[in-house]
Structure formats: structure tokens, C-alpha cells
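Protein chains in written order, with the numbering used here: chain A, 6 to 256; chain B, 6 to 256; chain C, 6 to 256; chain D, 6 to 256; chain E, 6 to 256; chain F, 6 to 256; chain G, 6 to 256; chain H, 6 to 256.
Calculated from the structure, these hints are not laboratory results.
Do not take every clue at face value.
[To be verified] Cross-link-like lysine-lysine pairs, in silico, DSS-like; alpha carbons within 27 Å at most:
no., chain 1, residue 1, chain 2, residue 2
1, C, Lys127, D, Lys127
2, G, Lys64, E, Lys95
3, G, Lys127, H, Lys256
4, G, Lys19, F, Lys19
5, F, Lys127, E, Lys256
6, G, Lys256, H, Lys127
Number of protein chains: 8
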Amino acid sequence: MERAEIERLLNAYKDGGISIDEAAAELSRLPYEDIGFANVDHHREMRQGFPEVIFAEGKTAAQVTDIMRALLRRSGKSVMASRVSSDKAKRVMAEIGDAVYDEEARILYVRRGEKPVDESRKILVLTAGTSDIPVAAEAALTAEMMGNCVTRLYDVGVAGIHRLFAHEKEITEANVIIVVAGMEGALASVVGGLTARPVIAVPTSVGYGASFHGVSALLAMLNSCSAGVAVMNIDNGFGAGVLAGKINRIK
Amino acid sequence: MERAEIERLLNAYKDGGISIDEAAAELSRLPYEDIGFANVDHHREMRQGFPEVIFAEGKTAAQVTDIMRALLRRSGKSVMASRVSSDKAKRVMAEIGDAVYDEEARILYVRRGEKPVDESRKILVLTAGTSDIPVAAEAALTAEMMGNCVTRLYDVGVAGIHRLFAHEKEITEANVIIVVAGMEGALASVVGGLTARPVIAVPTSVGYGASFHGVSALLAMLNSCSAGVAVMNIDNGFGAGVLAGKINRIK
Amino acid sequence: MERAEIERLLNAYKDGGISIDEAAAELSRLPYEDIGFANVDHHREMRQGFPEVIFAEGKTAAQVTDIMRALLRRSGKSVMASRVSSDKAKRVMAEIGDAVYDEEARILYVRRGEKPVDESRKILVLTAGTSDIPVAAEAALTAEMMGNCVTRLYDVGVAGIHRLFAHEKEITEANVIIVVAGMEGALASVVGGLTARPVIAVPTSVGYGASFHGVSALLAMLNSCSAGVAVMNIDNGFGAGVLAGKINRIK
Amino acid sequence: MERAEIERLLNAYKDGGISIDEAAAELSRLPYEDIGFANVDHHREMRQGFPEVIFAEGKTAAQVTDIMRALLRRSGKSVMASRVSSDKAKRVMAEIGDAVYDEEARILYVRRGEKPVDESRKILVLTAGTSDIPVAAEAALTAEMMGNCVTRLYDVGVAGIHRLFAHEKEITEANVIIVVAGMEGALASVVGGLTARPVIAVPTSVGYGASFHGVSALLAMLNSCSAGVAVMNIDNGFGAGVLAGKINRIK
Amino acid sequence: MERAEIERLLNAYKDGGISIDEAAAELSRLPYEDIGFANVDHHREMRQGFPEVIFAEGKTAAQVTDIMRALLRRSGKSVMASRVSSDKAKRVMAEIGDAVYDEEARILYVRRGEKPVDESRKILVLTAGTSDIPVAAEAALTAEMMGNCVTRLYDVGVAGIHRLFAHEKEITEANVIIVVAGMEGALASVVGGLTARPVIAVPTSVGYGASFHGVSALLAMLNSCSAGVAVMNIDNGFGAGVLAGKINRIK
Amino acid sequence: MERAEIERLLNAYKDGGISIDEAAAELSRLPYEDIGFANVDHHREMRQGFPEVIFAEGKTAAQVTDIMRALLRRSGKSVMASRVSSDKAKRVMAEIGDAVYDEEARILYVRRGEKPVDESRKILVLTAGTSDIPVAAEAALTAEMMGNCVTRLYDVGVAGIHRLFAHEKEITEANVIIVVAGMEGALASVVGGLTARPVIAVPTSVGYGASFHGVSALLAMLNSCSAGVAVMNIDNGFGAGVLAGKINRIK
Amino acid sequence: MERAEIERLLNAYKDGGISIDEAAAELSRLPYEDIGFANVDHHREMRQGFPEVIFAEGKTAAQVTDIMRALLRRSGKSVMASRVSSDKAKRVMAEIGDAVYDEEARILYVRRGEKPVDESRKILVLTAGTSDIPVAAEAALTAEMMGNCVTRLYDVGVAGIHRLFAHEKEITEANVIIVVAGMEGALASVVGGLTARPVIAVPTSVGYGASFHGVSALLAMLNSCSAGVAVMNIDNGFGAGVLAGKINRIK
Amino acid sequence: MERAEIERLLNAYKDGGISIDEAAAELSRLPYEDIGFANVDHHREMRQGFPEVIFAEGKTAAQVTDIMRALLRRSGKSVMASRVSSDKAKRVMAEIGDAVYDEEARILYVRRGEKPVDESRKILVLTAGTSDIPVAAEAALTAEMMGNCVTRLYDVGVAGIHRLFAHEKEITEANVIIVVAGMEGALASVVGGLTARPVIAVPTSVGYGASFHGVSALLAMLNSCSAGVAVMNIDNGFGAGVLAGKINRIK
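Chain A with its partners taken away, still in its complex shape (with noise of 0.2 Å):
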């Protein structure tokens, strides 16, 4: 219910327009539509930075492209299409003069509005392996289009835990850790054990047989004996760029 409403409301009730009655009535049938809208008011204020956001896959570029204008046009924030292919990035792109594709990501962007980035404030996105890194990449650049600085760290799986420990500053300094890993999912618990910030586990669909396209990573996360390792849907990089923004807005 938009505020001109209510206050034609309750100056037809002041004015004798309509009774008591009818006013409280029509007040009390309130429609969810317009709370709903106050809702996402009031989330906006919260929402500051975050991207509007298009999970591309399954749209073809012409419909990733209407709706990433759209977008723009209304909301005056930052953009990103998630899941792009190159193919699609680059017929959208000829469409979208300012549009900036990450390959490794797969994230088709438009940045609006800069804020600058708090850089002491840093989250650390690590990988198991080098097929890993296209999930890895896609957490890191959607917290970066929250505003976010971010860390990436590729290929220091626990088959070789040395290449973990070299980087024990990087691991240290982080305010939230992403450990991105398929397979056995190990890496999760290892750093769940090394840091007492928050570890967001993203298991990937990395590996062949009974990895299960990203159970077996899945499970071994959720069963980290590190305590209070928070576990993603697999391949879920999306959501865990998302997940580590908001864990490092609160103030």
C-alpha cells in the first residue's frame, strides 16, 4: 500500500468520506502486495551493494540480454549474469556496450556505482585443485561486486599440505575464509582447523566415480570435524560469494 493510499484513506475518513467502518476495514485488508514492496524497501537500505544478479543458464543471450538491461535501467546498481558461456558473453557484450565478461568465472558484469572496498577487511578464496577454480572464481568476483577485497588462492589441496602452509599470513589475516574442493573435500576441515573465522565449504562436482558429481565432497563437508564449517549446495560458488559478503558487512 503506497503512502498516497493511505493517506487518501485517512483524510476520506477525516473528511466523513467514509465511516469508521469502512476505513478500518479496508485498512485491516491491507494486501500483501504493498507490504511486500515496504519489504523490499526496507531490504534495500541492507541490500546497498549487492549486484542485481541473472542466473544465465537455460537463457538464451537475447533473453540475458533484455534482462540485464532492464535491470540497469531500473535499478541504477551493479549487474551480473552468472553461468555465461563465452559464446553467449560475447553476443551479449555486442549488445551491452559497457558489459565486462570473466571467463574464468563465467560472470558477465556491468559495475555501477563503485564503493570503495574496505580493504582490511579481506576474504580469502582457496581451491583443492586447478579444476576447482572456475567455482572458486565465481564466489570471488560476486563478493567482489558486494564491495568486497578478496584473495585468491588456487591448488593447495592437502595431497600436498605444504602448499597450504606457505600461505599461513594470507589464511591468518582473512575476516572469512571460501575453501572451494571436490573429490574428498578435505581442505574444508584442514583450514575449519588452522583459523577461528568463519570457513564457508563449497563442494564441487571435480572427480569421477564415486565422487558422485560433488556428494562425496558435499558429505565430507557436512561432516567436518572442524566446528562450524558452513556447507554450500555443490558448485555453489554463487551463493558462497554471496554468503561471505554478508558475513563481512556486519559491523
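The hints should help you fit chains B, C, D, E, F, G and H onto chain A, whose structure is shown.
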């Protein structure tokens, strides 16, 4: 490797007691355990306010008593034991005078050096039904043991969604929200859509038949359409409390 | 927001006690809980004839007694508790004089304001075997508590299909049919092929080995080659009774 | 056994053309297929308004054309083919002039003897997201082919629950509601809590990772905390439309 | 429909007691149950030698006693109850004097009208280990109750394959072979490669961990590289005995 | 060990050419392969009428051609290749003149030494739907290649059960019945209840969603309430044909 | 076939007591069981040092006593019974004077002919947590019963990885390493990365919720990113001990 | 920490260039990466003979070429790339002259510093069928690349067990045996019963239907009744080769 030992080595070399070869060899083999302890020390600072924890399931009352006593002697910190049955708790309390038992949370604890709570940083714990309460209570008390201010709202599941909406204020004001739900676990998604704060979802084994002891709720939460919902293992209230505490201490 | 409150606001504005800004702001924040209750009221009308329900599994006799008493005091409607063991029922009945126990359905109930049953709108409950009867009885009694006329036909599974065909008349005359079956759950498909009425299939956990506690029957029912068979959770007789009642009251 | 045949037998016996032994023997062997056809005849009455249906997946355009033509010749009823790709539809339409293709629902149909629609008995079809639309459209058009009046509301998932509440009126007025959702399928429970009408839940294979091609939504719907939600197979929009139609014709 | 009834109808029509319409109507509604019984009669001939069977699991001693008595009165055939515990058997035997209990097979039976056994048509029952014996004994005794000659060879699993090969003669001479095995169920494939006779494989729930209560053996048997191995449900010795008996009576 | 070799050894010993030690040693090491061949010889007698079989999936046309030629040269028996695509068949037939391709069964074969068929021992192959036909055709042709007389009845699923009952005669007369069904696989149980003959159930991967590529039908068949139904692997028409042939040759 | 028998045959032929046909026939039918025993004899040599083993789960104390006595009489080797409860052990020890019970490993054993241990070939057994100890102890004692020198290191899981690194020396010096871990089983991968020796991973059923009784750890170990980790069944400490012993005796 | 650096520190302290505090601090912070390299060095000795390995699946020919070249430059050891398609291999070989492609094993390799093979320590690789050969060939070539002597025996599955027994000699003489089998994986148990040597079982994804892409064989192998069978991930021939090599180098 303790500082004393390093100093001894340095001085032995300076004094000519050992050759540079011997000193280098010994130092280059710097044993892991000492790094380990250094690590622990380093962590200890970050872990201020964390209680010592005993997972009591499968341990006898005597074992819990012994471990609890040892921890109290050693660390000077608060100690909590999770998954303690009522009977076991009584037997431990007969031995350890200042132990307190929270039956709802099945946690037995001794508080030490109580840190003042920052009441402006609230953690909200919601449950979908009444059967989810033990898991929620475990999460809530765990977070409180870490010095957090926790609000509990139970039985606000989506089948009667007005019960949830009646608590908009608590949802809006919380820094971190823990959602505990069994069956179809839909509450996590609904709450995730109402807040921009981190939401930690804990599936419970509440339900029967195709709930598969919590798998249904677990999958629902992993697939939440609300971006950035963190998921814990089934019935892992303790882990949710720890994660919420870790998030809430970020400043 | 109760009507009194809305009136107070309207009058305060009319009287100049508050400005239009204040009134609009307060009204635009119309709290959810009141909408919620309005919602409930609105629903209550539709829910005429529905009993109040207690899921008794995991509750003590004392808890069931207390909740049942409270519901009886508050609503003036019939009350039923499902999944009540024989022992628990006895203890509740010692406290609540007019409670009745149906051992087959494991339901304990108090009838109030009995609505006349429309005998021309029959619900038929079929089971494949004798072990499926408790679930079927739960469905049947639940539907009866909602004011429906229910026919029970047990042990008419497909291994001896003539037993089923002997009841063509009951099948033809039913408005809604509930099929309760474990093991391979084939009865749902056969009945679905014999009628144009809605068929509600309830898989049961009857069976062993590869029945996987009802999964076999559940999958069979979900894949029924008879179009338009509705499936419930394993052993969910209560839900089937409710759904049949909801369908049967459409006019 | 057709009536003509029975009369022939009766008269042959009366006329002495066959002995009582012969007549009894022939009648006691009353062949199943005739019972079958009787059955079909009996059903036909109830099935008024049901279209003939072809499951086109895995059939060639030529096969679909042939079957459709045969059905049109034989039954005089409307005919629909489900799961028809755009290409296949074009090739069939080149052969069958009055065939119409609904691309969204992937249904190709020929309407015959259009029955007047009872607009007071509405079926509402909701989807959680835009990717769920093909399944919902299949459900909606199927129900329409059976002579029902259908309202479609797409993309009202629980992550932005105000979008759902904005349609309270449609929800309240519907006779039967079909909820189509993938991922965590929470919409079914929320809608089930808002209405006393039958809710038919259709899980979709929308999602990735731990959605397991619709299993997550399927389990969530089977475990709905809202009593009496009927569940269909994953992506089974057709079945949901049929069930809604069967429910809606009860009078 | 019994012959007497058909004759009554035919004569009533001939005598003018009923019109041709009435006679045709009644005959065209020829009730299924009578067809059913005809069916049963027809089957009875084929089922010569089959005992009546009671699945005793989940039934009380009193229930088993009652059903057994009723079957003995009615059919004049042998009666067997499967899955009878030792205690339950004792209580039934106290009531039914000529009941015999086979503890190994957990079968309680009464033999009637013992058919002479054809010793040239042997059924061989093999087990991989000693823990598989109860299921094998159930299969063997079931087949014997159907008048078959059964040889038992237990504990001839593939880990010590010479134990199996020592019985080449029994394997060669058997008409049908039942292989009962848990764990990895490899025995079925090995035996299937040694004989051209039908092999019936019964997986058992013997094992632990990744045997998943018999799933491992079940899958192994379904995937046997020996062509034409028939598989039964986990622990379904009774079904294997019945199938072997059905195969063995083909002439 | 061929007879000639044994004789040579015996005579060498008798003639003093080798000592008793040497002879005993050589004989006690009687190599397995010879036992193997003896075994095969022994089997050969039983395997009269069995064709040689090639599993063509994953083999090139050239490989199938080579193996088929080798088998034809070596054994003088009929040869069949299963799971042969239409294209592959054409290329093999261009090389092997008397090879015949059955497209429905996807089998390519060469018939040799055709054994007269015993028409009094019929095998009946039923399918629930039309999509199950390829698997059924594979079973039927396999059994025919083994010299059996096979009747095919397709599309007699339980949703229109009169279609099945119209074929009571074929069901009653069959010696062995193969039931091929996907989706919920209910046909196996219904047929199992109509006959006392062995029923071989073949689940197919026909279906979608919760059919899980045949798992639904597989579980249903394993849990059949009709005693003594044999189950094959999903889509294993070949195995069903072999088993039916093995059963049918018992005399 | 024992040597004596072969000699008898050879001589009977040489002496003309039997014809060459008779001798060849008998020899060509060389019974499998004798090959079997020869096999066993052959194996016995290799199996030097292996104890006789009884799987005691599901056996009564009396049965274990009887089998143990028989084995002691027959083989002269050490005998061990695995999975023996404390109560059962007491009852067996009352009968067999020199039996020893290891409560941690749940193994009851009698040592005979103690073979001197080669202390330079160490087997190291690690556990992630304290709850994994029973499985580890079973592995360790089994290997010791085979004459191996075993080091035990418990509770060195990856959540506090410094505890593991403190034991670099034991890891480096071991010939074979057994890693026993439940929950997420990450320890196997970390250890696999620290050594070039064979690593045997034993998942345990330690954990709850999504550990699925050890499935989580099992999958993690099968998907280890460290190449060449061998995996055993869940909780199969015995098998790990046997495998380690087999590896360790290779020279 | 390189020796040079340690020496520099020691000397700086000795020379008074830095205080004991500074030296101790720097040394106590001995960075992990240096330990890591020390670790690697330490391992290098043990890893003599191990080739460098590239997992080529998902990498382009250009990427494989680049990595292979880099490894050849850096390590002076042999290099192998696994899971290389024929096309990709050709493109790499066009760039790297001395690369060799083994099509069966799908491995592309460059041999350097060939170590003399110890022919007395044989590794035997067995397959159940011909479709298992690629996995077996990968295992065999991997072990050969590590300097082992490997015997290959293909297509000796249990359905024709004489084929296996014909190779008793190879089985008896092998130091380590790798068993590669799909479908029901029974070969591992049979071989495990014939030898006292370590058996490494590799399940393959060969099969269809209920083989579930290798799960059936995997479970069978995990549940082997032959004690001490080691199991690898599905299709993990590489891992089996590595493990066999690790076992075979123990002395």
C-alpha cells in the same frame, strides 16, 4: 620448538659448542609439534571466549567427569559437554559441584570468567516446530557460552506463516539467524528471503518416512532459492552455534 | 493489528492527536501478526469441520493430556491425537473422560458438535494387505473426524486381483479413493485405471529388504502409469485423510 | 460382451437353439476383454471432457501424426500430445491442419466439441521460478483441455514471499491449487498453509548439484508440514493437470 | 457367478420371470468375485502341492494359531507359517498338536496329504557362509513343502572356492539351484558359470558397513556376468523356494 | 587335460619312461585349464541349442564382424549379437551375407542347425507399454534363438487392466512368462497373481523423474506381493530370454 | 587327490589291475575337493604366521568356545575371535584357560608358536578421533597376531593438524600406514600426501546425520586426492590389519 | 627455509648483526613453505622411480603440452599424462617428439632414466571382461612407469572360472595382484581366496542398469569375503598402479 630451545641452539653455536652444520641441520628439522603448539598459541588469542567442549555421546559419566575436571584445571576457561543425557548429567553434577545442566539443550556446563555480552549484536534462533527445539537449544546455549546474546523463537514454521511474520522485529534486528527445521526445511528459504543477514540452516531428523532422518530437510536447505544460506550437518546445533559465534565476533 | 487499534489510530488522526505522517507511518508498518490472525480467522471459516490435531509421537501422556485439554477449552471443536500408543491412550483417557481411543488407527479423539455426514459423497479406503491396515485406519478415521462418510476395504492387493474386482460397486460409487499399500504398491495403479475419481496413494513401510521401509512403494506410486494419482509420504494416513476431506468438501 | 451378444445367447437358449449347459458354459466364460470394454464404456461416461492423450517423447513426428489422426477418427474427442518439441510440432502441423501448438507447455492439440467452462470453479497454477514454467504450463493446458478454467501465476517463490502474498485473492478463490517448484520446493508448504483447498505439488528438475534432478523438491513436498499436500512425480505437469481436473469435476 | 445362479437366470428368462432387459443387465454385470473364484478354481489345479502360507512376522501367536486353524479346516492342504520365532512357535504348538517347528528355517508347519516326491528332479540350495543358513533353510523347506526333493550345501563361498568345486556332482545333477549369499554375493555368478540350469540368487542382509543390509549382494546378483540368473528380494528365502518349486514342476 | 595326454602319462609311467614320482607330480598338478575345458565340454552337452552371443555395445562394426566370423567358423552353432544399432548392423551385414537384423530387438544373428521347436512349451512375453518393446523383443528373440516357441503381447499394462485380462488364454497356456515393464512395474505382480508358472520380471528404464532410470520398476518387482517372481537387471531382456530358455528345457 | 591315491591308481594301471580307460577316466575326473585341499596346503605355506580367525558377532559364547577349541586342536596355530563383547569374552575365558581378551580391540585370542617380530618393518595405525579407536585397535592387534610390529597413534585428526605433524618420525619410518577415521575421513588424504608408503584407509561409522553410518568417510577415502590410497569396508579394522600384514611380509 | 638462509641467520646472530631475540623470533616463525620443500625433498628420495603425472581429462592438448614440457625441463624424471584421448595425444606428440602414446591405457608418456626392472617382483593385472581393459591397461602401464614388471591377463571373469584357474601359475608367482572388474565384481573375491598376496580391487563402470556406473562392483569389492582386499575408486586404474608400485618397492 620452544623459545628456550632455540636460544640454547643459537648460544651453543655462538659459543662454538656446535658447528654451523649442526645448528643448521637441527634448525632445518624444526619439529612440527612445536609449530603446532605455536599454532595453538596463535589461535588461543582468537579463541578468547570459546569454551572447551566435550562431545559426551558414547562417553560414560565417569569419563565426562574426568575430562571436564582436567579441562577446568588446565584452561581456566568455561567448559561445556554436549549431548549429555539427563541421567548422565546428574551423575557428573554429583561430582562437580558448579556444573549446570540445561535439559532442553542436553548441555552440561561450568561457566568461568564470564565475558560481558554485547547486547547490540543479537543472534536469533528459530525453529519450525516444537520437535526441533533440542537442536535449537543446543545452538543457542553454545552461542551463549561463547558470549553472545541469543533470542529464541520456537514453532514458527511455514505452514502457519503468520506466526513467523509476527516476529519481523526480531528478524530485522538480528545480526545472524539460525534456522532449525526438519521435515521439508522450508523455513530457511523463507527467512533467507526476509533478511540480508547471514542465515545458518540446521536440518533436523524430525519427520518420518521420506524425511529419511533429516535428508529431506538437508537437501531443501542446500537448494535454498534464497542466496547465501549456510547449511550444517543434520541435528548439528552445536556447529551452528559455533559458526554464529564466529560470525558475530567479526568487527 | 486488532480492529480496536486501527480505530484508535483513525480517531487519533481525525482528532489531530497524531499527524497524517505519523498515522501513515504506523499504518504502513501494520504488523504481520495481525494480518496473521486475520488470516487465521479467514481460514477458520474454511476449516469448519476440521478437528484440532495433535501429533502425539514423541510426546508424553501428560503432554498430550495438557494440549488436548487446552484445545478443547479454546476451540469448541473436535480434537484428535494421532500416533497414540495403547498405553499412552489409557493414561490420557484416565484424565479426559470423554476421550475415545481407536486402537487400529492409533487415534485418540474427543468429538464435539458432530456435523451431519453427507452419505452421498463417499470416501473409499483400500489396502493391499492386512499389515497396511493401521495406516488405512488412520486415514479413514481422520476423514470421518472431518465429517466424511468412509468405506473401508482391506486386503484387496493385486496378487489376488479378483478380490479387488469383487468390489467394483464400491470403487465406482466412491467420490475419492485412498489406496494404502506397501511392498510394490501396485494397487494404486490398478485402482487408478478403474476409476475417473481422484486416487490418493499412501505408500507404507510394510515389507523388508529392498522395500527400503516404503521407498519401493513410494517410487512405484510416483511413477504410476495411471494418470493423476496423488502421492503422500510413507505411512502418512493422516495426510491422506485430510486431503480426501479437502477434496470431498468441494462443491 | 456386448449387449447384442448377450441377447443373442439368451434368445438362442430360450428358442432351444442351445442347451442350458451350452448357454451357462458360454456365459460363465464371459471373456475378460468384453468386461474390459464394458469397463471402458462405463468409464467413458465419467471421462467426458477428457482428451485423448499421446506421450510424444521418444516418438517420431510421423508416429505422432499417425496416432493423432487415428484418435481423431475414432473418438471424436479432443486430442493432445505432450512433450512435443517445437520441430516435431511443426512437422505434425504440416500434416494435421487444425492442430495447435503451445510452445510453453510443449503440447500439440486438436480441440473438439469444446465443453463450456464453469468459471466459478477455478484451478490456480503457481510456480516458484521462471524455469518451472514449462511444467506448469503443461499442467495448466492439460486442465484446460479437460474443460477447466485455469489461472497462471508464475515466479512467486518463497525467497521473495511478498510476491506470493500479493496474490492472496487468487489463492483464496481457487478450488484446487497446483504448485510447481524445483530446488527446495518450499512453495508447496507455504501455499498449503494459506488455503483449505487441495494443493497438488509438482517437483521440477530445476536446480543443480544437490537438487539431484528434482529429488530435493520431491522429498520436501512429500514431507510438507502443511497437511494434505498431494505430490506428483518430478516434472509431471500432465498428471497434476489431470488430477486437478478430476478433483474439480466432483460435485 | 456360480453355475447354479446362471442357470437360475437363464430359466427365469425362459420362463418369462424376468425380461430380456433384466437378464442381459444382470449378466452383463457378472460380478467379478465369481470370476475371481473361477480363477482361483482354475488355479487350484495348478497349485496342487502348494501349501497354504502365513507370513507370521508382526502377528501374535494367537493370530497365527487362529489363521492356521482356519486354513487347516478350509483347505485340507498343508499349511506353513514363515518367519516364526522360537517362542511364538512354542505357543502355537501348544494349541495345534500336529504342528512342527523347523528352528533353522523359522518355519512352523502342518503336513497334509503328503505327495510322493520325484527324487529325479533335485533342487540344490547353496550358501556362501554360515550366517546365510536361515534364509537358505527357509527356501529349502518351502520347496520341500511343495513336494520337491532338496539338497542343502552350506558354507561354500568363493573365498575358498575348492569347497564349492568339491560338490561338482550335486551342482551337475540339480534341476534348479538356489544360491543364498550376503556380503558381495559372488557365489551366484560362479555357480551360474558352472551350470546350464536355472540359478535363483537370494541376496541376504549378512554383512556390515557398505553391505547396506544386503544391497551390495543384491546389486552384485542383478549384475551377474553369468547370463540368466534370477534374483529375489533380500532375505527372501520363501520366494526362492516357491520359484524353484514352480520351475521344477514344469514337465 | 585331454585324454590323450593322460594316456601318454600313464603309458610313460608303465613303460618306465617316467618315475612314479614324476607321474604323480605331473598328475597332481593337473592344470586347471584342462579341467576348465572338461567343464566346458560337459556344459556343451547341456548347452545344445544355445547360440553363441556377442554383447555389441561399445564394439565397432569391424569388431563385431570379426568376432562373429570367428564364432561361426569355430562352433558351427547359431550366433547372435545383442544391442546392435541399425547402422552397425548394416555394416556387419555387408560383410557377413547370411546375417539377419531384427531392428526391434536390436539383435543381429546367423541361424545354424535350427533345432525343431517344441510348440507345446510356450514362452509368453508381455510388456506394460509400447516403450518397453525393445527390451521385450530382445528377450523374445533370444529365447527363440534357443529353440523356444515365443508369444509376444505388448502394451497390456495395468492402467487398462481389461487389456491384460483379454489374454487370459495365452497367460494360462504359457510355460514361462516374461513381464517387461518400466515406470511402476506393477504388471509383474498382477501377472504373478494370475498364473502358477514361473514369472520373470524385467524392469525397464522407461519413465522419467522418480523412475530413476528403472530403479522404481526394479524395486517394485523385487517386492512383488506375488510369491516367486524372478527379477532381472534393468533392461536385461537378453538375460530374461536365457533364463526362460533354461527353465523351458527342463523335462 | 592325495599323492597316495594317485600312486595307487598309477600302480593299479601298471599292474594291470585297471585298464587304461579306467585309469584315464578316474584321473580325468580328479575331484575338485582334492585340488582344493592341495590348494589349501599350498596356501598354508604362504599363510605361515596367519592366525585362525572366528567372526564372533552373532555367535554365542558356547559356539565361540567350541570353534576356538576345535581350531586349537586342529591347527596348532594362534586363534583369534573378532567382535567379541566383554561379557561373551568372560564366558569363553572361563572355559579356555589361556585365552586373552583385548577389550579395546574386542578381540579374544590364544597365542601359539609366537614368531619373532621383525621390528625394522613397522606398521603404523593412526586414528582421527578417540571414537575410532576400537576399529584401529582391531586392525593393530590383527596385524600383531600375524607377527608384525605395530605403532598406535590415536586422536591425530586434521582439525588440529599439528597433532599429526608432531609424529612425522613415526610416519616416515612406517612400512605401511593404516588410517582409521569417521566423519569426513580427511586424515587419509593428508597422510597419503606425507608418505610414499602404502596407506590403508578404514572409514568408521563414527559421526551422525549426514555421515550416514560411515558412508561419508568411505566416499572421501575412495576419492582421495593422494594417489594410491587403499580403502576397506566401513569399520573393517580386521581387514586392514590383514592387508597390512600381507603387504608387510613381501620381501 | 633453505640452508643458506639458516646459515645467514646463525652468522648474523654470532656476529652480533641481530640480537638473540630477533634471531629466535625469525627462526620460530620458520615459514611453512620451506618445511614444505624440505618435505618434498625428503619425499623425493622415496619417490625415486615415480613419474611426474598429469591428469589430462578436461585439459586441452596445448595445456598438456605445456605442462609436460615444463615437467620434463624441471625434474629430469619420466612424465606421464593419464586419460588422454587419441586425438589429443596426436596433437601433443606433434609438439613433443619423444612422447609415446599407449592407446589402450590412454596414457601419453616420456620415459627418462629408465630404472632397471626387478623381474622377480611381479605385479599381475587381471580383468573380468574385455570392457575392463582400458582401466587395467592404465594400472599396468602406471606400474611399469614406476619400474615394475607387470603381467596382464584379460577376460578371466568368474562366469567361466576355468579361464582363471588356467593361470594358477601367474597368480601364485605375483607379488601384488590388481583385479579390475565391473558388473558384479566377483573376480576380486575369487582371486583373494586363491592367494596370500595383497589384492587391489578396481571396480569399473562397465555394465548397465543396476550396475549404477560401477557402484555395484564397488560395493561388492568393499564387502569381499576374502580378507584384506584393498579397494580403489571406480575406474581408478592409475591409483591401483601407484598403490601396487608402492607395495612392490617395500623391501
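Do the hints match the structure? See the list:
no.: 1; hint: C/Lys127 / D/Lys127; result: 23 Å, holds
no.: 2; hint: G/Lys64 / E/Lys95; result: 23 Å, holds
no.: 3; hint: G/Lys127 / H/Lys256; result: 12 Å, holds
no.: 4; hint: G/Lys19 / F/Lys19; result: 5 Å, holds
no.: 5; hint: F/Lys127 / E/Lys256; result: 12 Å, holds
no.: 6; hint: G/Lys256 / H/Lys127; result: 12 Å, holds
Of the numbered hints stated above, none is contradicted by the structure.
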